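Those protein sequences? They're chains A and B, same order as listed.
Under the working numbering, read the first sequence as residues 1 to 264, first letter to last.
Under the working numbering, read the second sequence as residues 1 to 270, first letter to last.
Partial pick of chain A residues on the chain B-facing surface, computed with a CB cut under 7 Å:
#: 1; residue: Leu30
#: 2; residue: Trp31
#: 3; residue: Trp38
#: 4; residue: Ile49
#: 5; residue: Val56
#: 6; residue: Gly184
#: 7; residue: Asp191
These stretches of chain A come out as covered by chain B in the derived footprint (C-beta under 8 Å, 3 or more residues):
#: 8; stretch: 42-48
#: 9; stretch: 195-208
Derived by calculation from the structure, the hints in this document are not laboratory data.
Keep in mind it's a predicted model, so treat the numbers as computed, not measured.
We treat Cβ as the ideally placed atom computed from N, Cα and C, and that holds for glycine.
This is what each chain is made of:
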Amino acid sequence: MKLRQYLRIWLACVRYSLVRTMMFRFDFFLWSVVELAWMSVNVLLVEVIYRHTNSVAGWNKYEMLLLVGTSMLIQRLLMGLFWSNLFEMGRNVRTGTFDFYLAQPGNPLFMVSTRKLDPDGLANTVVAAAVIWYAAHRLGLHPGIGGVLLYLVLVAFGLVIHYSLFLLAASLTFWIIKTEGIEGSYFTVVDFSRLPREAFHGAANVLMVYLLPAVIVSNVPATTLIRGFRPAYALWLGAVAIVWFALAVYVFNRGLKRYASASS
Amino acid sequence: MAMHILTKYRHVFLVGLQSNLVYRWNFLIRGFFSLARLAVVFILWGAAYAGTAQIGGYSIGQTFTYFTALIALQFMIGAFNEDYQIGEEIRNGLINQFLLKPINYYLYRFTVFLAARVVSGILVFVPLLVVFPLLRSHLTLPTELWRPLLLVPALLLSALLQFTLAFCFGLLAFWFLEIQGFVILSFAAEMMLSGQIFPLDLLPPALFQAAQLLPFYYMMYFPAAILTGRIDLSSALHGFGFQVAWVLTFAIAARFIWLSGLRKHTAVGG
Numbered sequence: 001m002k003l004r005q006y007l008r009i010w011l012a013c014v015r016y017s018l019v020r021t022m023m024f025r026f027d028f029f030l031w032s033v034v035e036l037a038w039m040s041v042n043v044l045l046v047e048v049i050y051r052h053t054n055s056v057a058g059w060n061k062y063e064m065l066l067l068v069g070t071s072m073l074i075q076r077l078l079m080g081l082f083w084s085n086l087f088e089m090g091r092n093v094r095t096g097t098f099d100f101y102l103a104q105p106g107n108p109l110f111m112v113s114t115r116k117l118d119p120d121g122l123a124n125t126v127v128a129a130a131v132i133w134y135a136a137h138r139l140g141l142h143p144g145i146g147g148v149l150l151y152l153v154l155v156a157f158g159l160v161i162h163y164s165l166f167l168l169a170a171s172l173t174f175w176i177i178k179t180e181g182i183e184g185s186y187f188t189v190v191d192f193s194r195l196p197r198e199a200f201h202g203a204a205n206v207l208m209v210y211l212l213p214a215v216i217v218s219n220v221p222a223t224t225l226i227r228g229f230r231p232a233y234a235l236w237l238g239a240v241a242i243v244w245f246a247l248a249v250y251v252f253n254r255g256l257k258r259y260a261s262a263s264s
Numbered sequence: 001m002a003m004h005i006l007t008k009y010r011h012v013f014l015v016g017l018q019s020n021l022v023y024r025w026n027f028l029i030r031g032f033f034s035l036a037r038l039a040v041v042f043i044l045w046g047a048a049y050a051g052t053a054q055i056g057g058y059s060i061g062q063t064f065t066y067f068t069a070l071i072a073l074q075f076m077i078g079a080f081n082e083d084y085q086i087g088e089e090i091r092n093g094l095i096n097q098f099l100l101k102p103i104n105y106y107l108y109r110f111t112v113f114l115a116a117r118v119v120s121g122i123l124v125f126v127p128l129l130v131v132f133p134l135l136r137s138h139l140t141l142p143t144e145l146w147r148p149l150l151l152v153p154a155l156l157l158s159a160l161l162q163f164t165l166a167f168c169f170g171l172l173a174f175w176f177l178e179i180q181g182f183v184i185l186s187f188a189a190e191m192m193l194s195g196q197i198f199p200l201d202l203l204p205p206a207l208f209q210a211a212q213l214l215p216f217y218y219m220m221y222f223p224a225a226i227l228t229g230r231i232d233l234s235s236a237l238h239g240f241g242f243q244v245a246w247v248l249t250f251a252i253a254a255r256f257i258w259l260s261g262l263r264k265h266t267a268v269g270g
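Throw the hints in and build the complete structure from the sequences for me.
The following block contains the structure:
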């Protein structure tokens, strides 16, 4: 029952976002092109590097393309579903408009996270999926329905991790009023997610692979699709997703207690 | 008269210095984020070089030097959010005061931009010096004397080019409510075609030739290549012709957009 109610709230938000997009059609077009341009930049980088070498940390060109595609897919999903909501949370906390979310009949975190959808981000998940499909085709992969579903579950774990990281950064706004540049910290993490895990050594390996979930987010789904299912790997990603999500929710709730609905 | 004009813009410069010093923490934080991106570059290219001594004729040290130099140059000549600031001044009517005063808006803005780059160009050396002990063994600069000599005019012209393009994009606010989309789109094109994602000489030869005809090449890659040894003397001298031509083209375009924008302008707010 409760779940159905949340689903209905979410669908209402989806409808609102779609109507809004239809009103600003040029904006939708422009921002879709913007995101497409940035994805092309990443694909081109792969093209250029592999003109001069056959292997990067044991990954060939199409394996690398699949990794980059996976990273893009997770990022586009975050952009499409949650980005502007969490991004605006900072501003709303500063101005006191955040009250509005607390007054709504539902879990504050849910209400904050799902108010708006960005159809341009979601439109580009299709492009990311096409890159992945093309790479898988060139690699001669035939994952079957089960393999595709497993991949999607791992991508969903990745999305949970990205959501948690960005929520953590955005929640800092409860303590530090000015949090400009938080998106910078998120994009930095995303930059690392386009690299193969095997390229990391020493301190970078400890920090980016084990302490921060920057690298495994994309590497686990991509490796699973390319080299087959390894339970330990998938469990690692699942556990990390749960831990970071719990941490982010905890920090958000602590922040919520601090919120004094001050406006300035 | 000339003296009088110089005094006027000297004051603008000093005010610009002060107002940008307010943002010193922003510049520093940005600088440290750049280091994270540099780490990504080192990890990626380090792995790419694992099986090969040279890529595109350059050693791993030369490639690292190129990307490290880019970071310093970005803070010294890059247009950060000048387009956004100009767009905002048009949108909320602050621009009206400049229309009534004996001051050229383009020169005023360029002077403020120079002041901002002096501040950020000095501050970027804080994060770079912090990691210098780690970087030192990877860096290798060419020693020809002509390189530092040509670097100075190349940097000035690149800064002019970067600023004038940003100025043109800012002026779009005369026609559009929201210019961020255009700005980020041009930023993506600029990042790639000015060599900030990969050194442009790694492109297939035909594409590299084509890139040299575009203005983006002269906004960042050109000075970076002069500094880090990816270009020889005759190509560098040849490149100056193109760079000057693009500066003039952009300046004329900016003038044209400015005049037609003013005709459209209704001076709301202020």
